[in-house]
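Taken in order, these protein sequences are the chains called A and B. For the first sequence, the numbering used here assigns the number 1 to the initial residue and increments by one for each residue that follows. For the second sequence, the numbering used here assigns the number 1 to the initial residue and increments by one for each residue that follows.
Accuracy of the hints is not assured; some may be wrong.
Claimed, not checked - Pairs of lysine-lysine, BS3-like flavour, derived with a Cα cap of 27 Å:
id, chain 1, residue 1, chain 2, residue 2
1, B, Lys48, A, Lys120
2, B, Lys111, A, Lys120
3, B, Lys111, A, Lys43
4, A, Lys6, B, Lys78
5, B, Lys106, A, Lys6
6, A, Lys117, B, Lys110
7, B, Lys111, A, Lys6
8, A, Lys43, B, Lys106
9, A, Lys6, B, Lys110
10, B, Lys110, A, Lys120
11, B, Lys115, A, Lys120
To be verified - Among the chain A residues that face chain B by a calculated CB cut under 8 Å, a handful are:
id, residue
12, Val9
13, Asp16
14, Ala23
15, Leu25
16, Asp136
As the list claims (entries may be wrong) - Covered, in the sense of this in silico footprint (three residues per stretch, anywhere, with C-beta under 8 Å from a C-beta of chain A), are these stretches of chain B:
id, segment
17, 7 to 14
18, 29 to 36
Read the hints as simulated data drawn from the structure, not as lab findings. All values derive from a computational prediction rather than experimental measurement. Glycine included, every Cβ here is placed at the ideal spot set by N, Cα and C.
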Amino acid sequence: MPVKSKPVVTLSMPSDREVVITAVLDAPRHLVFEAATTPEHVKRWWGPRRTTLTVCEIDLRPGGAWRYVMRDNETGREDGFSGVYREITPPERLVYTEGWEGLPGHDYLVTATMEEKDGKTTLTSRLQYKSVEDRDGHVNSGMEGGMRETYDRLGEHLAAIA
Amino acid sequence: MSSDQLSVTFAALADPTRRAILARVAQGEATVMELAGPFKLKLPTVSKHLKVLRQAGLVTQGRQAQWRPCRLEPAPLKDVADWVENYRENWEERMGQLDDYLQVLKAEEKKHARKK
Numbered sequence: 001m002p003v004k005s006k007p008v009v010t011l012s013m014p015s016d017r018e019v020v021i022t023a024v025l026d027a028p029r030h031l032v033f034e035a036a037t038t039p040e041h042v043k044r045w046w047g048p049r050r051t052t053l054t055v056c057e058i059d060l061r062p063g064g065a066w067r068y069v070m071r072d073n074e075t076g077r078e079d080g081f082s083g084v085y086r087e088i089t090p091p092e093r094l095v096y097t098e099g100w101e102g103l104p105g106h107d108y109l110v111t112a113t114m115e116e117k118d119g120k121t122t123l124t125s126r127l128q129y130k131s132v133e134d135r136d137g138h139v140n141s142g143m144e145g146g147m148r149e150t151y152d153r154l155g156e157h158l159a160a161i162a
Numbered sequence: 001m002s003s004d005q006l007s008v009t010f011a012a013l014a015d016p017t018r019r020a021i022l023a024r025v026a027q028g029e030a031t032v033m034e035l036a037g038p039f040k041l042k043l044p045t046v047s048k049h050l051k052v053l054r055q056a057g058l059v060t061q062g063r064q065a066q067w068r069p070c071r072l073e074p075a076p077l078k079d080v081a082d083w084v085e086n087y088r089e090n091w092e093e094r095m096g097q098l099d100d101y102l103q104v105l106k107a108e109e110k111k112h113a114r115k116k
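Bound conformation, chain A alone (with noise of 0.2 Å):
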């Protein structure tokens, strides 16, 4: 694997509803584009480190559905993300319904753009959730993933001075 980058990522909240997430990728937007459409390529680095996907089924055309299954591969534990496509635009646009499987009712659209520069690519998400509670709700659960992430961290460190 090439050394560990950290790509510019920078939030925001425009409005009550929504979130604006962008990162700068040190790729062109072809292959950002592919590596988000391809399953065989999305089981490469969607979710977090610890996890893997066990169910990896995208069918990319407008109104076709997408399921991924991520497996906890410490605690076993299995969540399925699933939503629809609504317009797909290679290699700039993709639009889709995104939801945790664990809460039904509760999902919100994304609104992917890719610009590109100099070889790299802006990648913008924007998620419109229906209710500033299922958007708070959301930010939420990614804070909970973060800090597990940050004590299994601290975990591997324990052990390594230990």
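Fit chain B to the known structure of chain A by using the hints.
Frame of chain A, contents of chain B only:
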């Protein structure tokens, strides 16, 4: 910080008038009269919004003087900022994994291009 406290802060922030009031007191203390002015609000309306902000711990009101100046309390805002920052870091990790994998794809593409 409990997530309940965050919910209270978010509920307080979920109103454009209250955010405008916070923006105003962020520039310095202001009386209820001063707050009512630019928003063309009635005093009871301002008082109602202030009550929500006070309960969320975002604003305190002085006890001295009858006009009781309002002051910003930044601590809950910092909690919200920390919370959002944690979520951002989570995305940073996801995007980091994507970026790592893109380097693999880029290398493969170059290899294929050379073969052609």
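Here is how each hint holds up against the structure:
The suggested pairing of B/Lys48 with A/Lys120 is violated, with an alpha-carbon distance near 50 Å, which exceeds 27 Å. Straight-line distance between C-alpha atoms of B/Lys111 and A/Lys120 comes to about 19 Å, which keeps the hinted pair within the 27 Å bound. At most 27 Å may separate the alpha-carbon atoms for a hinted pair to count; B/Lys111 and A/Lys43 meet this at roughly 22 Å. For the proposed pair A/Lys6 and B/Lys78, the alpha carbon gap of about 25 Å is at most 27 Å, so the pair holds.
Of the pairs offered as hints, the one joining B/Lys106 and A/Lys6 holds, with about 17 Å between alpha carbons and a cut-off of 27 Å not exceeded. For the hint linking A/Lys117 to B/Lys110, the alpha-carbon distance of about 19 Å falls within 27 Å, and the restraint holds. With a C-alpha separation of about 25 Å, the suggested pair B/Lys111 and A/Lys6 falls inside the 27 Å cut-off, and the hint holds. For the hint pairing A/Lys43 with B/Lys106, the CA-to-CA distance comes to about 17 Å; that is within 27 Å, so the pair holds.
This hinted pair checks out: A/Lys6 and B/Lys110 have alpha carbons roughly 22 Å apart, not beyond 27 Å. Taken as a hint, the B/Lys110 and A/Lys120 pair is honoured in the structure, with Cα atoms around 16 Å apart against an allowance of 27 Å. Between B/Lys115 and A/Lys120 the CA atoms are separated by roughly 24 Å; this keeps the pair inside 27 Å, and the hint holds. A hinted interface residue such as A/Val9 counts as satisfied when its beta carbon comes closer than 8 Å to some beta carbon of chain B; here the least separation is about 4 Å, so the hint holds.
Against a cut-off of 8 Å between C-beta atoms, the interface hint on A/Asp16 holds, since the closest Cβ of chain B lies about 6 Å away. With its C-beta approaching chain B no nearer than about 4 Å, A/Ala23 sits inside the 8 Å limit, and its interface hint holds. Interface hint at A/Leu25: satisfied, since its Cβ lies 5 Å from the closest Cβ of chain B, which is below the 8 Å cut-off. Contact between A/Asp136 and chain B, as hinted, is supported at the beta carbon level, the nearest pair being about 6 Å apart and thus within 8 Å.
Coverage of a stretch by a chain is defined here by at least three residues with a beta carbon nearer than 8 Å to that chain's beta carbons; for the segment 7 to 14 of chain B and chain A the count is 3, and the condition holds. Only when three residues or more bring their CB closer than 8 Å to a CB of chain A does the claim for the segment 29 to 36 of chain B stand; here the count is 0, and the claim is violated.
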